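Going line by line, the protein sequences match chains S and U.
With UniProt numbering, letter number 10 in the first sequence gets 10, and the count goes up by one each step, no holes.
With UniProt numbering, letter number 303 in the second sequence gets 303, and the count goes up by one each step, no holes.
Hints in this document: simulated from the structure, not taken from any laboratory.
Predicted model, so just to flag it, every value in this text is computed and none were measured.
C-beta: ideal position from N, C-alpha, C; glycine also.
Hints may contain errors.
Which residues of chain S face chain U? A few of them, derived with a C-beta cut under 7 Å, are [claimed, not checked]:
hint, residue
1, 15
2, 20
3, 22
4, 23
5, 25
6, 27
7, 28
8, 31
9, 66
10, 102
11, 103
12, 104
Among chain S residues calculated to face chain U with C-beta under 10 Å, some are [unchecked claim]:
hint, residue
13, 67
14, 91
15, 95
Protein chains: 2
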Amino acid sequence: MIVTITPNLALDVTYEVTELRPGETNRVDAVHARAGGKGVNVARVLRSLGHDVLVLGLAGGPTGDAVRMELEASGLAHDLVPSAGETRRTVTVVAGGEATMLGEPGPAVAPDEWAALEERVPDADVLVISGSLPPGVDGEAVARLTARLSARGLPVIVDASGEALLRAAPYAWAVKPNAEELAETTGTGDPVAGARMLGAPSVVVSLGADGLLAVTPDGVHRAPPPRRVSGNPTGAGDAVVAALAAGLVAGGAVSWPRLLTDAAALSAAAVLAPLAGSFDRSAYEEFRVRRPSSPDKGRDAAGA
Amino acid sequence: MIVTITPNLALDVTYEVTELRPGETNRVDAVHARAGGKGVNVARVLRSLGHDVLVLGLAGGPTGDAVRMELEASGLAHDLVPSAGETRRTVTVVAGGEATMLGEPGPAVAPDEWAALEERVPDADVLVISGSLPPGVDGEAVARLTARLSARGLPVIVDASGEALLRAAPYAWAVKPNAEELAETTGTGDPVAGARMLGAPSVVVSLGADGLLAVTPDGVHRAPPPRRVSGNPTGAGDAVVAALAAGLVAGGAVSWPRLLTDAAALSAAAVLAPLAGSFDRSAYEEFRVRRPSSPDKGRDAAGA
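Here chain S stands alone, though its shape is the one from the complex (with noise of 0.2 Å):
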């Protein structure tokens, strides 16, 4: 079983307008809503290709119950805390190819709230901690999770940013920024550099369209991605981690050529995909077979 911690979790609402007037009353001819944060999307692709996942976190008033009822529509187990705050949400407004998002800041998450849901993390092939944080979070929390997980014996994948990216890595199995995010906690533009300052076992930068890189203990790793893709780039970094971590629990040695050929094939159906979380199953069938013969071959593409 693979669990998936989404600190923040979120109702993803998406509004359909014909036109965004700003200033003016706008009918929204469709509304669309699912349970968001990046915890969830790395559990929705995961049981798309098959494996056992439970999604934890903290879910919170009415649209706390709107999270539990979709994730039950979706089939996706779940285990998640009740928190005094009601869960956030983010509304996303869809006019003519263009997305305007809103996103809520969410409810303070009380110390006993969390603790709670530290409580109920089971034993795992596979965890992800995956997201921003919540008011009342800090990176210290996310990292003294990770070690203690870690001291478990569980093998733990981070995507987080700035402090409990920093704080988290030493404790990680692996850690997953994408380049921004890895410069702005390194202060270094160079992401071998900044990787390797994490201090993680290893660590797995997205660098859009360059592919994704791995600065692991047999070395550095790069995979270009399978094609230049065009599409929605949200989630893309979520299927990295899907990737990842439905690898570890393959099984067997690591082999970090094969598991970036795989991460970046996903990563690239997931941008063909309209929805975070989703992925284009076809596209990622004939791209995971299509192994690059050189890092420097399709380096103008773009996916993960």
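With chain S's structure known, arrange chain U on it following the hints.
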């Protein structure tokens, strides 16, 4: 007791943002949510004036729960029929004084849900039916409900537009369109002629900056706004309806000049308050005692 029926209840959410940047990710600084829909606004104003009120409507899903909880918190008695569809939301993004509204269409109401709502209407001193209609409820349904309540000897005030206004008017004690709704419904820009076409015993028309007009069994009356006010016009019409209901519940012979002057005062005081359903109490106290000496004084002011 005054009962307000809101066919298309909503949760009115306000997002405060520093600046609304279309096509980008916008951080919401603060979130406010209130039960909404015109009938709820009318009930809120009446409650503030010290009246016994009961809010009737349909509510479903987690957003319906949020509406119930907010009505409780606001001290507004309610009897909401559970609906299969989830209650709609409106999201108003407020940035630097500019308000951008996004209105969800709301769920379709099933015939048995509407029938259950009709069954729940208790005897009351005054009934108000106010606001837009959800999918599945047409003007004919509103007219039938108005006729049934009138047949029970209950005075009904209807604030609606189009088909609902046209068909319910003959059965209502009074209807309250604004000038634009009246013109669209009757096809004439002359509000006195339009009001007469509706065939209601009394028609109160809000004329915006020109105040109020009433076409009644004892003649045509006008009330200018007490003074020029600027602020939030949303809810000004609901304050007019609240004033009419309050005047009617007071008993005794209806004095239309007095009723209209009070309605114009409450409406102007509502413009001065930031949220629909609220009014500036001290302004109202000041405005309601200031009887204009002639209908032509203060005609340049804005209010209802």
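Now the hints, each set against the structure:
1. 15: 6 Å, holds
2. 20: 6 Å, holds
3. 22: 5 Å, holds
4. 23: 5 Å, holds
5. 25: 4 Å, holds
6. 27: 6 Å, holds
7. 28: With a minimum Cβ separation of about 5 Å from chain U (threshold 7 Å), the hint on residue 28 of chain S holds.
8. 31: At 5 Å from the nearest chain U Cβ, residue 31 of chain S passes the 7 Å test, so the hint holds.
9. 66: Status holds, d = 4 Å.
10. 102: For residue 102 of chain S, the interface hint holds, since the closest Cβ of chain U sits about 5 Å away, which is under 7 Å.
11. 103: 6 Å, holds
12. 104: Cβ of residue 104 of chain S sits 5 Å from chain U, so the hint holds.
13. 67: 9 Å, holds
14. 91: Nearest chain U Cβ about 6 Å off; hint holds.
15. 95: At 8 Å from the nearest chain U Cβ, residue 95 of chain S passes the 10 Å test, so the hint holds.
The structure shown violates none of the earlier numbered hints.
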